[in-house]
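Colleague: Sequence lines, in order, name chains A and B.
Anchor point for the first sequence: position 58 equals 58 in the UniProt record's numbering, and the numbering is continuous, going up by one each time.
Anchor point for the second sequence: position 32 equals 32 in the UniProt record's numbering, and the numbering is continuous, going up by one each time.
You may find that some hints are simply not true.
The list treats identical chains as interchangeable, and a pair is accepted whether it falls inside one copy or across any two copies.
[Stated by the list, open to error] Computed cross-link-like contacts, DSBU-like style, restricted to lysine-lysine with a CA-CA straight-line distance of at most 35 Å:
| id | residue 1 | residue 2 |
| --- | --- | --- |
| 1 | 127 | 208 |
| 2 | 282 | 127 |
| 3 | 285 | 29 |
| 4 | 132 | 362 |
| 5 | 127 | 171 |
| 6 | 32 | 423 |
| 7 | 362 | 285 |
| 8 | 171 | 386 |
| 9 | 79 | 370 |
| 10 | 370 | 18 |
| 11 | 370 | 282 |
| 12 | 130 | 282 |
| 13 | 282 | 132 |
| 14 | 304 | 282 |
| 15 | 369 | 79 |
| 16 | 208 | 347 |
| 17 | 9 | 171 |
| 18 | 285 | 347 |
| 19 | 208 | 132 |
| 20 | 369 | 282 |
| 21 | 171 | 285 |
| 22 | 32 | 79 |
Hint data in this document are derived by calculation from the structure and do not stem from the laboratory.
Quick caveat: nothing in here was measured; it's all calculated off a predicted structure.
2 protein chains.
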Amino acid sequence: MQSYAEMSKEELQALRKKLSAQYKEFQGKDLKLDMSRGKPSAEQLDLSMEMMNVLNSDSDLTCEDGTDCRNYGVLTGIKEVKELIGDMMEVSPDNIIIYGNSSLNVMFDTVSRSMTHGVMGCTPWCKLDKVKFLCPVPGYDRHFGITEYFGIEMINVPMNEDGPDMDMVEKLVSTDDSIKGIWCVPKYSNPTGNSYSDETVRRFARLKPAAPDFRIYWDNAYGIHHLYDHDQDHLIEILAECKRAGNPDLVYKFSSTSKISFPGSGIAAIATSRNNLEDILKQLKYQTIGHDKVNQLRHVRFFKDIHGMVEHMRRHADILRPKFEAVTSILDRELSGLGIGSWTTPKGGYFISFDTLDGCAKDVVAKCKKAGLVMTGAGATYPYGKDPHDCNIRIAPSYPPLGDLILAMELFALCVKIVSIDKLLADKETVEKTVAPAESKAEA
Amino acid sequence: MQSYAEMSKEELQALRKKLSAQYKEFQGKDLKLDMSRGKPSAEQLDLSMEMMNVLNSDSDLTCEDGTDCRNYGVLTGIKEVKELIGDMMEVSPDNIIIYGNSSLNVMFDTVSRSMTHGVMGCTPWCKLDKVKFLCPVPGYDRHFGITEYFGIEMINVPMNEDGPDMDMVEKLVSTDDSIKGIWCVPKYSNPTGNSYSDETVRRFARLKPAAPDFRIYWDNAYGIHHLYDHDQDHLIEILAECKRAGNPDLVYKFSSTSKISFPGSGIAAIATSRNNLEDILKQLKYQTIGHDKVNQLRHVRFFKDIHGMVEHMRRHADILRPKFEAVTSILDRELSGLGIGSWTTPKGGYFISFDTLDGCAKDVVAKCKKAGLVMTGAGATYPYGKDPHDCNIRIAPSYPPLGDLILAMELFALCVKIVSIDKLLADKETVEKTVAPAESKAEA
Ligand SMILES: Cc1ncc(COP(=O)(O)O)c(C=O)c1O
Ligand SMILES: Cc1ncc(COP(=O)(O)O)c(C=O)c1O
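Build the full structure now, drawing on both the sequences and the hints.
Modeller: Okay, here's the thing in structure tokens:
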């Protein structure tokens with residue numbers, strides 16, 4: 001494959017023509033494809049339909065300790081679900097609070113509580129002139145949405161293959177006491193799909209924050225969301241590592257079963273130190289009488305234990321794997337060697353991250369849309385929706401059926417090619433314009 | 001019946017002896033009775049067990065507009081549940097947001113949002129020196145808990161038979177712009193069981209608050225929780241009345257199915273004007289991707305429509321009615337005419353309010369506890385847990401089986417008698433002490 005950068009203006013123009021014809025063909029197909037969000041497919045949701053059967057009118061809805069799950073009470077979750085989610089999050093049930101259906105909601109509440117009441121006795125953030133969060137980029141748009149909503153200044157930190165740039169994190173966190181948090185998706189990250197290395201986790205656990213109320217927001221949304229049986233990323237468990245490092249209160253760990261059972265009808269949880277839990281409970285006891293215990297029981301009766309959950313995730317993987325592989329093989333086939341894009345090949349999670357040439361992402365997404373394919377908005381993976389290089393695009397392979405996905409990725413690759421050519425041609429023109437007058441001057 | 005106040009010291013002492021013997025008997029029974037919270041009984045919960053059958057693995061979990069309820073999305077609730085809850089709350093589905101399982105959580109979030117972001121463009125409350133709420137008393141402890149948690153100053157307003165003292169409410173609200181809200185349980189109020197009169201509702205709708213961000217927190221938790229078929233309280237619908245009065249944005253209305261289906265596993269909602277909804281949505285879209293739609297669907301499939309819900313409430317009433325009547329008939333039999341207590345006789349809701357002689361409530365509750373009966377803590381019905389007259393006790397008849405309830409109320413009445421006698425005797429002693437020295441002086 002010849003790299004586009006090496007092609008002459010004429011070669012590029014000729015190719016552009018050919019690709020335009022292909023694009024027109026796509027437009028003629030009247031496609032309606034949506035790859036904008038990381039939603040499980042209907043086929044995946046079917047995997048959990050048995051969950052609708054585990055409780056019926058003859059069921060005993062009492063949990064192990066005798067509590068009637070149909071009634072009020074049990075603020076932090078029933079024992080057996082704490083055990084299940086504890087195993088899922090690799091922490092002791094004693095370090096867990098079970099919430100409602102959304103971990104995002106738990107993160108929101110955590111920031112909101114810090115704003116109004118502060119963290120473990122520190123000044124409430126709303127009383128401070130400036131509060132900042134570090135944001136590894138590209139990252140999850142809804143994280144950035146929460147911090148933006150609360151007027152928290154976001155600082156981009158590059159996300160590398162082994163995690164955020166830890167030199168930068170360490171430096172900033174240890175010197176600036178207005179930095180109160182960092183958003184982390186440590187495993188099969190949204191959107192890169194990369195996982196933090198052991199060294200990265202160790203360095204996180206050993207941070208020496210200038211702010212005593214600095215916390216790591218460790219959103220382990222994809223903790224057991226592997227694509228492969230034998231090639232899985234593994235993380236050092238962060239709570240234990242923080243404890244070992246003498247930093248027991250440094251981290252809030254979040255997770256949910258949104259992409260295990262049903263998104264929107266799962267259960268979410270926070271795991272953290274006893275001190276942090278106590279701090280959180282001071283809020284929680286005023287916020288609600290308790291979360292949905294019937295749904296907690298439903299989850300326990302369905303999955304039974306962590307082994308049941310792991311087996312269940314294997315079935316998800318069987319559906320997701322071909323889709324991820326279709327995406328990367330189409331990208332390989334269509335784009336490798338052209339020098340106009342790079343992408344990740346995750347071993348789990350819900351996303352693949354694609355980088356175009358600088359300044360092309362928005363145009364690629366727009367061009368896809370004009371032919372009936374909705375991608376996640378370009379820029380969405382950056383705070384304030386501003387990708388400084390306009391190059392990152394999040395690919396979400398899970399939702400469309402495989403046939404649609406293949407079509408969508410072919411269209412996507414085509415759009416990348418066209419937009420890249422336009423970019424390269426425009427660059428050449430700029431060069432000509434700057435060079436040409438100089439030449440004519442020399443001639444004169 | 002002779003009023004205790006008219007009895008002589010000797011008569012009271014003799015009676016005290018007799019009652020003490022009865023109390024000892026109760027203590028010998030080793031009772032474990034809990035009337036502390038307004039929880040439905042197991043028998044009531046059984047009424048909703050069919051709800052566990054309406055969705056099973058063969059069910060189509062798509063809602064009317066084609067949305068797969070198992071997946072992410074639909075931030076404000078599915079259309080058919082908005083219709084059902086709209087009918088329940090007597091408002092248009094367009095004025096509703098469906099939340100998770102707890103209306104208390106919605107109220108908490110509403111206050112929290114006002115703290116951090118303000119109400120419809122007004123200054124966030126956390127930036128103000130002083131924020132106050134009016135609290136009709138006796139009232140619901142968890143309301144007061146929320147405002148206390150946020151450092152909001154609470155001002156007691158007497159709750160009369162037809163609602164809060166509206167002269168006081170109007171005067172305070174129209175003159176003090178630091179008053180930002182009032183907690184209302186307008187129907188079958190917690191704990192008095194009284195409902196607001198038409199005039200009260202009309203005056204609420206016509207308030208002229210000094211603060212543009214003043215809102216009425218209209219917690220209609222017991223909107224359809226009648227005890228009788230033909231003798232029901234009826235409220236003027238507050239949203240419509242506010243609109244008619246030219247005050248469309250004045251009220252947030254809250255409700256949930258906690259005491260219709262399952263407490264903790266029901267669905268909650270807010271109903272308010274379009275302007276307020278827009279304001280709320282600015283927060284909600286960052287807070288979560290969506291609430292539990294499967295549970296929404298479950299509720300709709302179970303109740304079908306408001307008629308189904310009303311029929312269901314009739315079955316609740318059949319269980320609750322005998323309990324309420326047992327309480328009031330025991331109080332009648334044991335205490336009427338004695339001048340040592342007064343109580344309400346609600347036609348719905350979950351509570352009966354009891355007033356002892358001044359300074360007796362704490363002692364009565366403590367005395368009950370010593371014989372194995374846990375009542376709601378005295379003072380709980382007042383902000384900061386401080387009942388200025390130490391006289392109000394909330395009676396929650398719903399949870400215990402009828403037999404236990406009868407026993408509990410007999411014990412309760414006995415404790416009221418004993419504590420009242422002690423109080424009257426102590427009063428007599430004080431009078432003697434103050435009178436006696438004066439007399440001896442006169443003699444000297
Ligand atoms: C990293 C990450 N965290 C959280 C969520 C949402 O979690 P929940 O459904 O528990 O609110 C997502 C969903 O895409 C996600 O990618
Ligand atoms: C007046 C009132 N509001 C709200 C609640 C709790 O509502 P939810 O279960 O929807 O949080 C109660 C429960 O006792 C109540 O009495």
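Colleague: Any hints from earlier that this structure breaks? Give me their numbers in increasing order, please.
Modeller: 17
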